[in-house]
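Colleague: Protein sequence lines, in the order shown, are assigned to chains V and D.
Just so you know, this note's numbering puts 422 at position 315 of the first sequence, and the rest follows in order with no gaps.
Just so you know, this note's numbering puts 126 at position 47 of the second sequence, and the rest follows in order with no gaps.
Note that these hints are calculated values from the structure, not bench results.
The model shown is predicted, which means the values in this text are computed figures rather than measured ones.
Any given hint might turn out to be false.
Covered by chain D, according to a simulated footprint, are these stretches of chain V (three or more residues, beta-carbon under 8 Å) [to be verified]:
(1) 161-170
(2) 192-204
(3) 295-309
(4) 337-347
(5) 410-416
All C-beta atoms, glycine included, are put in the ideal place defined by N, C-alpha and C.
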Amino acid sequence: MDFELSEDQVALCDGIRDLCQGRFDIDTVRGLADCGGVDRQLWSELADTGVFSLVVPEDEGGVGLGWAEAGLVFEQLGRALVPGPLVGTLLAAEVIDDAVVGFMERPYGPALVEYPEVIDALLVLDRNGVWRVDASELSVEAAQSVDPLTPVGRVDLLPQGEQLMDFCYGWANRAVFLNSALQVGLATGARELAVAYAQERQQFGKPIGQFQAIKHKCADMYSREEVARAALYYAGCVMDVTHGPGLPADPGGYLYFEGCTIELGDTLGDREHQELVRAVSGARILAAEAADHNGKDCVQVHGGMGFTWEIDAHLYLKRAWALTPQFGSLDRHADRIANLVGADPLGHAAPLG
Amino acid sequence: MDIRFSAEEIAFRDELRGWLKEVLPTLGDPPDSDDWTARRKWDTGWQRMLYDAGYAGINWPSEFGARGSTPTEHLIFLEETTRMGAPYVGMNFVGQLHAGPTLILEATPEQRARHLPAMLKGEEVWCQGFSEPNAGSDLASLSTRAIRDGDHYVVTGQKIWTSFGHVADYCELLVRTDQEAPKHRGITWLICPMDLPGIEVRPITTVAGSSEFCEVFFDEVRIPVENRVGDENDGWRVAMVTFSFERGTAFISELLGTMNQLAEMVDIARNTSRNGSSAWDDDEIRREIGRLQAEYDALWALTKRVVSQAQRTGMPGPGGSVFKLYYADVKKRMADLAHRMLEREALVLAEGSGDEQTGGDMVASRLYVLSLSIAAGTSEIQRNIIGERILGLPKER
Ligand SMILES: Cc1cc2nc3c(=O)[nH]c(=O)nc-3n(C[C@H](O)[C@H](O)[C@H](O)COP(=O)(O)OP(=O)(O)OC[C@H]3O[C@@H](n4cnc5c(N)ncnc54)[C@H](O)[C@@H]3O)c2cc1C
């Protein structure tokens, strides 16, 4: 066991970070709000770097890395607030080439579709399979999103679309995992912004970061983020141990989201798969809460400035709010874990190996 | 990142499991928590059994009779022993988990040869004499004085909150050797035998009604200079090494024990009736158990990161402060959840549940967790450390 980043993994993080700093500086990112969240040129630069083909095997033209690495990359994208249907486009890489692809669970009623102006296609997951809906089939009614970087539109009834494969629980798990990675990145970005301001802003003749109320808030932000990060990295490793690198055959199992058409399966699957479900749902809860709390604390640390459009604090928080109500509520993920431990209370102590 | 155990690590685990299966049934019942003679016998006897079977000091260097293996095997050892209900490290906590590791890094060859094998065999129980009545969080302001007299330091002053002070043979003792220097630069780390003339130990009764810690008075106690670890006046640095183990890795089996308790909570929930059904059927309670599990799993993952850092660098990273801060909080929430279920039954302490080191049953645990945000540096101090040392925020003073 060596649960620290390898040299290659550190280099991967640094590379993506450099890319984000160079091409997705905050002014550029803010500007993307005016073009539906995606600029084709920038998007293809992400694609060329291999961001969306990370887990596609090398002999199929991908980068051939594992889910742990995909998590590291998505964490950096979240930290830099890079917008766009990142999760869908990565998951779709296996089945659709060179496209901007959204991904969502099929709701019972009307749907809120993200990035409606820029997607080429939408992958829809429901209890019968994974479906491809072409963007041209969507009749979208404008809606104003709380997050300027996550535009949304209403679609009264999602077309059924073309079936790409049978129902695949693995897809849902992967979506949950990548979503969590973005959230850990958001928690990090918000904490970094708060700490920088706490060092620089002076009141009562000293930096506000010298006041414990602020210093301790920053320490709590960091702790949440670190604990969520550990959960995320662990989940990525478990995905690789149970799936192997690449997009593998689905491990089966169960997952359910409320408010949508996917329901609880009653098989608990094998031991490894339980470990996977538990790790992914756990990371999901901690990452979403870290992003939400750190976003709010970041606003608070900035005082009045925190309530302005100008300061980036709200962008972290709003993105967190956009990412949280996806792929099952936190309560559902807590249920999922509880059901597993209820069935096998001592399960924690049997590590994979 | 690779969370899988290697073939050797798995072989180690399997062999350990086999051994535990064989010996655990022969141990008999643990002693009464107030019977200190019997507790010493139990804790040190277990340590001796570990030593004889080659399981003492898993990641300590082999030259002292230890296994000389990796921090990962130590983690596996803690995981398996906790899971199978083996005795807790108990009063060997200081010796095994932070005094020993400090000596390995900082002591002279003679000091190591003198103490490490004895610690491994369960022949020496250690305690920690850091805190004083007027130097708790502000530890560096400690005033227990040591005056050099030839080959000896003559020590006068008082320590407090010394866990197991009344049963320990040795003490990791911080003393002031320079009155004039800035407070962090006049401190020295000494090995103090607890049977020297001039030492008086008075147990203190805790909130749980037992006597886990003590006041220790020093009246011109003569400690040989050869018992000094590190240079004179360099004791603060040595103490930081001690803390990195105490905060970094010493809580591993605690966490595992807590995860076992959460599993018991599932049983409690199932057996507690509520609104005509069981507490387990109450969404709020069941979800809170799910969330606590997610948080413990994450802390366990964080522990693996801290251990992996220790494996690479020889010392746990500052992640230990994050762990300690977060853990104290989650465990309090777990105890409170247990009490929401137990209701009136939460008044009754289980028989023999006074062992504050593990928190015994849920009711005792609710008291025990109060100490988690105080001992080994309060949560406020951990936040200062994270804010200043990790995040680089300006110091208070
Ligand atoms: C069960 C238990 C076992 C222990 N075992 C040992 C042992 O074996 N050996 C040993 O040496 N010590 C031991 N301790 C002592 C422990 O390390 C101290 O209690 C701890 O460091 C706090 O010091 P204090 O008690 O003097 O509290 P104080 O320092 O007086 O703190 C009181 C309150 O003020 C807060 N506070 C203090 N300074 C600051 C600050 N700068 N910023 C914000 N808040 C602040 C604290 O957080 C706390 O809430 C033990 C304690 C307990 C509870």
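Colleague: All the hints need checking, so say for each whether the structure fits it.
Modeller: Here's how the hints hold up against the structure:
Check result for the region 161-170 of chain V against chain D: violated, 0 residues qualifying (beta carbon to beta carbon below 8 Å, three or more required). Look at the region 192-204 of chain V against chain D: 0 of its residues bring a Cβ nearer than 8 Å to a Cβ of that chain, fewer than three, so the hint is violated. Beta-carbon proximity to chain D at under 8 Å applies to 3 residues in the region 295-309 of chain V; the threshold of 3 is reached and the given coverage holds. Using a Cβ-Cβ cut-off of 8 Å, 7 residues of the region 337-347 of chain V lie near chain D, which meets the minimum of three, so the contact claim holds.
Under a criterion of three residues with beta carbons nearer than 8 Å to beta carbons of chain D, the stated coverage of the region 410-416 of chain V fails, only 0 such residues being counted.
Of the numbered hints stated above, those contradicted by the structure are hints 1, 2, 5, listed in ascending order.
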